[in-house]
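J.: Residues per chain are reported as follows:
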Amino acid sequence: MPTRPPGAPADRSPVPSDALAGPVGAPDLRRRWLSGRAVAGHAALAVWAPGCLVAGWWQATRALDGNALSYLYSVEWPVLAILGAIAWWNFVHDDPETVGSKGLRLRLRQGGAEAAPRPPVGAGPAWTDEGDPEMAAYNEYLTRLAASGQRKTWRRG
Amino acid sequence: MNGVHGALLRYRVMAYTVGTLLLVLVGVGVPLQAWAHSDLVVSVVGPLHGVLYIVYLIAAYDLARRARFTLLQLVAMVAAGLLPVLAFVIERRVSARVDRELALALPAPGGVRRWLPW
Chain A
1 MPTRPPGAPA
11 DRSPVPSDAL
21 AGPVGAPDLR
31 RRWLSGRAVA
41 GHAALAVWAP
51 GCLVAGWWQA
61 TRALDGNALS
71 YLYSVEWPVL
81 AILGAIAWWN
91 FVHDDPETVG
101 SKGLRLRLRQ
111 GGAEAAPRPP
121 VGAGPAWTDE
131 GDPEMAAYNE
141 YLTRLAASGQ
151 RKTWRRG
Chain B
1001 MNGVHGALLR
1011 YRVMAYTVGT
1021 LLLVLVGVGV
1031 PLQAWAHSDL
1041 VVSVVGPLHG
1051 VLYIVYLIAA
1061 YDLARRARFT
1071 LLQLVAMVAA
1081 GLLPVLAFVI
1091 ERRVSARVDR
1101 ELALALPAPG
1111 GVRRWLPW
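If you're matching them up, the sequences are chains A and B in order.
The opening position of the first sequence corresponds to residue 1 in my numbering, with each subsequent residue numbered one higher.
The opening position of the second sequence corresponds to residue 1001 in my numbering, with each subsequent residue numbered one higher.
FYI, nobody ran anything at the bench for these hints, they're computed from the structure.
Source: prediction; values computed, not measured.
Incorrect hints may appear among the rest.
[What the hints assert, rightly or not] For each label pair, taking beta carbons as the anchor points, the in silico distance ranges come out as:
1. A:T61 / B:D1039: 17 to 25 Å
2. B:V1030 / A:D28: 49 to 57 Å
3. B:H1037 / A:H42: 42 to 50 Å
4. B:F1088 / A:R109: 31 to 39 Å
5. B:L1082 / A:V75: 14 to 22 Å
6. B:A1103 / A:A43: 36 to 44 Å
7. A:V75 / B:L1071: 42 to 50 Å
[Claimed, not checked] Here are some chain B residues the structure puts well away from chain A; computed CB gaps all over 10 Å:
8. T1020
9. H1037
10. I1058
11. R1065
12. V1075
13. L1104
Ideal Cβ positions, reconstructed from N, Cα and C, are used throughout, including at glycine.
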């Protein structure tokens, strides 16, 4: 058993790793870039970005042939390629566990206690019927009914 | 929560803008072009929708990331800018969902990651 100087904190392992924060080690890097999900992302970008660039090139040739609208499209396609690259980068770096309804449940479990607690029912100054004779009479009527075991009814009697 | 309020507002503005432009394009421009042989509406609204759709895409993607939507929800938002009327339907559903989750006042785990890679 390894000796520990007195007063040193006890080992706590494994350290819960948060995929969203902090520096990552080699296993984390491999999981991030080579998991099935990540490879699907790489494949999507490998199709998307060249496809957009080819479409942009095609629109550029059409624009030079005199199609005015194609000037616009020849700019838009490269923009879509760049957006795809940004989305790919974010996709690889985001934690899939935090997404969607599953992620919402996770956040509810993790952050439920930290979220601002609602004031308990009944907190605050107590309500009174002081200064309202009609309400006071009605409350007195309800109290009598409750004491006698009768139900509230619209019928007079 | 991580600027979701602002992202939702930007997305809603763009959804209504793009949705209205697409309705004008399909409901007015295309019939005029087909039967009255007038290209005016199509030639003005068409490129306008084309440009603003890119802005809509960026707003939708930004919201989808901040509010942690799934890929399928993002695909629905993307498609909504291309099919008439769908933009308004999806906008209502998206807003209701984000409002519901905002009401829970949930902090994001691990904080917010920056949006751009640099």
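J.: A separate judgement is required for each hint: does it hold in the structure or not?
T.: The hints, checked one at a time:
no., hint, result
1, A:T61 / B:D1039: 17 to 25 Å, "holds, 23 Å"
2, B:V1030 / A:D28: 49 to 57 Å, "holds, 52 Å"
3, B:H1037 / A:H42: 42 to 50 Å, "holds, 49 Å"
4, B:F1088 / A:R109: 31 to 39 Å, "holds, 35 Å"
5, B:L1082 / A:V75: 14 to 22 Å, "holds, 19 Å"
6, B:A1103 / A:A43: 36 to 44 Å, "holds, 38 Å"
7, A:V75 / B:L1071: 42 to 50 Å, "violated, 27 Å"
8, T1020, "holds, 20 Å"
9, H1037, "holds, 18 Å"
10, I1058, "violated, 7 Å"
11, R1065, "violated, 6 Å"
12, V1075, "holds, 12 Å"
13, L1104, "violated, 7 Å"
Against the hints set out earlier in the document, violations occur for numbers 7, 10, 11 and 13.
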